[in-house]
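Colleague: Going line by line, the protein sequences match chains A and B. For the first sequence, the working numbering gives the first residue as 1, with consecutive numbering after it. For the second sequence, the working numbering gives the first residue as 1, with consecutive numbering after it.
It cannot be assumed that every hint is accurate.
Some but not every residue of chain A turned toward chain B, in silico, with C-beta under 10 Å [said to hold, decoys possible]:
#1 55
#2 56
#3 65
#4 71
#5 73
It should be emphasised that the hints constitute simulated quantities derived from the structure, not laboratory data. Don't be surprised by glycine CBs; every beta carbon is placed ideally from N, CA and C.
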Amino acid sequence: MRDVICGVSLVLDSGRLVVTGRNGSGKSTLLRIIAGLVTPTAGEVVFTEDGAELSIDARRDALGLVAPDLTLYDELSAIENLRFFCRVRGLRKSDNELKSLLAGLGLRDREDDPIGSYSSGMRQRAKYAFALAHNPEVLLLDEPTANLDQSGIDAVDRVITEHRGIVIIATNEADELRYGDSVLELGA
Amino acid sequence: MPTTLDQASTKTRKPRSVPGPMEMISRSLAVFRKDLTCEFRTRYAINAILLFAVTTLFAVSFSIGGVGLSPSVQASLLWLIIYFSALSGLSRSFVREEESHTASALRLSAAPGAVFGGKLIFNIVLLFMLELVIIPLFVGMMNLQVNGWPLFLAIMVSGSAGLAVASTVVAAVVSRANAKGALFAVLSFPILLPLLIVAISGTKAALSGAGFASGADDLKLLISYTGIMFVVSLILFRFVWED
């Protein structure tokens with residue numbers, strides 16, 4: 001076993017952070033640790049609101065993640081996926097709200113098709129719908145523009161610039177450094 | 001494209017509150033409905049379970065079905081078919097989440113209790129559907145004489161519920177392992193052996209027509225097993241699911 005991420009200490013209350021670094025430097029792992037999908041061997045991630053630490057359940061509602069290894073249900077359509085994920089969060093969202101979100105990501109015409117029939121770019125757009133549907137305070141974007149065409153990249157630009165909380169982006173693309181107010185380089 | 005992506009997702013904001021029991025049941029049912037929809041669109045677990053059960057039943061029936069079997073042998077055969085059929089399909093609910101990489105999305109969205117509840121309901125329904133097919137076939141092909149239907153049905157229901165509870169939590173444990181199938185069988189066997197022994201004993205009492213009272217102890221044991229297993233699983237599941 002080797003140490004992947006050492007000595008990272010961050011306090012974020014708003015804004016956009018780009019995490020960059022060579023392959024294997026731990027960018028994706030850092031995002032997965034923040035999301036609570038990986039338990040670090042040492043150290044901790046603390047979410048606070050009004051000075052109080054958020055519980056694990058509240059933290060789940062505060063996060064939205066887009067990542068290459070995160071997949072939605074192929075057997076369900078985009079709208080069915082969003083309905084399901086809202087229901088298990090206890091959210092009562094109307095179909096119109098969800099359709100509006102999908103339309104904003106360019107999936108209006110394919111919202112009733114199973115995700116399994118989507119191209120990789122459309123799957124990436126659907127992941128954004130999943131990450132945004134519950135209006136999270138923290139957006140974690142791993143390779144945010146992977147597989148997207150120009151209109152998809154434009155939509156991602158809007159998501160990132162319009163988001164009013166914290167956005168953490170892990171990327172190797174030099175072009176995507178523009179998203180960040182600050183840059184953290186791992187393995188430097 | 002509209003320029004109000006963020007606005008589209010902000011119309012309803014969920015208050016941060018701990019979900020109560022009814023809300024958890026509602027979320028569990030959402031997981032169950034999702035699993036049921038996915039299952040009916042792929043029929044992976046249903047096909048695996050039914051194929052195994054029907055094949056085994058036909059093989060047993062053609063080899064020894066015509067011979068007058070004692071209630072203890074018939075009860076053993078019935079539960080062995082149900083047990084091995086369950087092993088072939090009940091782990092799918094969790095294994096499918098890991099293999100199709102949907103587990104991360106589920107972990108990020110649903111409370112562990114809702115996931116466990118939903119998967120458990122799905123496995124119970126799957127097992128009951130299997131029994132709706134297998135028991136009539138077994139009665140017809142193996143000349144099964146049930147002399148105490150109330151006890152027989154009570155044993156089948158409580159035994160199946162126990163089988164589903166134990167299988168669900170073991171499936172969650174093995175879902176991230178490499179040799180899932182082998183590990184599921186190995187881990188399930190010692191956990192399910194007491195249940196199988198009691199279920200076979202209770203079914204034998206129902207077949208021989210000894211009366212409801214004669215199987216009451218077995219029924220109590222099965223209900224206790226299911227209850228204890230459910231509570232322990234619910235407590236342990238968060239650690240299994242999140243770590």
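Colleague: Would the stated hint for residue 71(A) survive a check requiring a Cβ distance to chain B of less than 10 Å?
Modeller: holds, 4 Å
Colleague: Checking hints one by one. Is residue 55(A) an interface residue toward chain B, by the C-beta closer than 10 Å rule?
Modeller: holds, 8 Å
Colleague: Hint check: is the beta carbon of residue 56(A) less than 10 Å from a beta carbon of chain B?
Modeller: holds, 8 Å
Colleague: Please check whether residue 73(A) passes as an interface residue: C-beta within 10 Å of a C-beta belonging to chain B.
Modeller: holds, 6 Å
Colleague: Can the hint on residue 65(A) be confirmed by a CB-to-CB distance to chain B that is less than 10 Å?
Modeller: holds, 6 Å
Comparing the model with each earlier hint shows no violations; every hint is respected.
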